[in-house]
Amino acid sequence: MQAALWFWLPAIALVVGTGTALSSRSETIKNLSKSIAIIGFILVLFSPVTVPDSPSSAAGHLLGSIIGPCALLITGIYLLAFSGNVEVGKLSSTDRKIGSACTFFGLIWLEGMHWWTWTPMLNGEVNPYWLVFWPTFLILATGLSSGAAFSLRYLGDSREKESNFMLVISSLTFALTILGMMLDGPNISSEIFRDHFWLAISDIFGLGIGVGLSILVFALVIWIYESSLPPAKSLDAPSQQELEQAASIISNHIGGEQE
Amino acid sequence: MSEVAKTWKVIVMAISVPPLLLMIFAAILGDDISNQAFKRFGNALITGYTFSTGLLFINMFFYADSRQRPLAPLFGMLLATIFGTLITLWLLSQGDLLLEENGSVRAQALSNIVRILVSSLALVMAVVVSVGGVFVAITSRPNRKLFEEE
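Same order as they appear, the protein sequences are chains A and B. Counting in my numbering, the first sequence runs from 2 upward without gaps. Counting in my numbering, the second sequence runs from 306 upward without gaps.
No lab work stands behind these hints, which were simulated from the structure alone. One or more of the hints may lead you astray.
Stated by the list, open to error - Calculated lysine-lysine pairs in the DSSO-like style (CA-CA distance at most 30 Å, straight line):
| # | chain 1 | residue 1 | chain 2 | residue 2 |
| --- | --- | --- | --- | --- |
| 1 | A | K162 | B | K314 |
| 2 | A | K162 | A | K91 |
| 3 | A | K31 | A | K91 |
| 4 | B | K344 | A | K162 |
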């Protein structure tokens, strides 16, 4: 009951609030959804304190552990992107330096969670959800960065340098995954990492197929409904009088001699 | 095959090849976790379907807003969500088929939901790194001269 109140209810509020804020057209509903999502997020974050006995609160613990490096990484990338060559709203060169530092320390912090003693620990053991997050992030980052690199090369015009930069990111995350499979960290052995690598791969494929199926069902439901609707009533052809009126209006607006 | 189709094929391959190479490398190192991996795959599939149909059901309210609030598509998505939930609970109650290290169906179902949220967070961060990286790379380059001065 305590877990339902202090973890599951806020988690539902977080997911539904975010979804509604993204898809609603009404500004009032958007603002209300954002507030609900933020309150849900804070309560999930504090779930290791409010419901320490619930196994689900490990997710709140993970969120609290990775919010620092993730915020640094997001802020760093934002500052770096908008302090570059942008036409509108360009940030200063100081922001660029801050952005570089944020990105660097964000990455070091995340790496330290695997390769040093900063691993999220709960009751003396590695947080089980960290072992879900880290391999999933590495696998997706290497694949998506590689995809971005080839998109720049094949869809862009003279974007070889940018493509090479993305290949470096992809190779870096690829190498980190390989290293994790071969070398032991202080809290996570290579064997455990390999086990969770396979579980992360299973998760990604399973989720991909599950989400794909649900989108197919969604499209099917809309298609069946739309095809059951009667055809839209088309207008009658214009009468001779209407055509003459249109012709006179058009003739009054061409030529430009009156101005 | 058209140039566009070829390009998309290359991009899909570029996304899939690094994870496939990692899988080959992990397979060479020779751990046998096929049973656990199957269970995780099954859990992720049914939970992903149910969770996503639930979100799309909520989204259907906004679709209904633009169509004078018809009930049929809402009812259709509600049925799809209920179907996913029932299938999930039925499969999880089949003993050892999909139960991982959790003692009960409820614990496994809740653990699946938390894991889907954590995996989604990992996906968001991976998208931030890859898409953000593209923006950083593009804006870091000096403006290109589009036309030579006459």
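Hints versus structure:
For the hint pairing A/K162 with B/K314, the CA-to-CA distance comes to about 22 Å; that is within 30 Å, so the pair holds. Taken as a hint, the A/K162 and A/K91 pair is honoured in the structure, with Cα atoms around 22 Å apart against an allowance of 30 Å. Between the alpha carbons of A/K31 and A/K91 the distance comes to roughly 28 Å, so the proposed pair stays at or under 30 Å and holds. The straight-line distance between the Cα atoms of B/K344 and A/K162 is roughly 43 Å, outside the 30 Å bound, and the hint therefore fails.
Violated hints amount to a single one, hint 4; each of the other numbered hints is respected by the structure.
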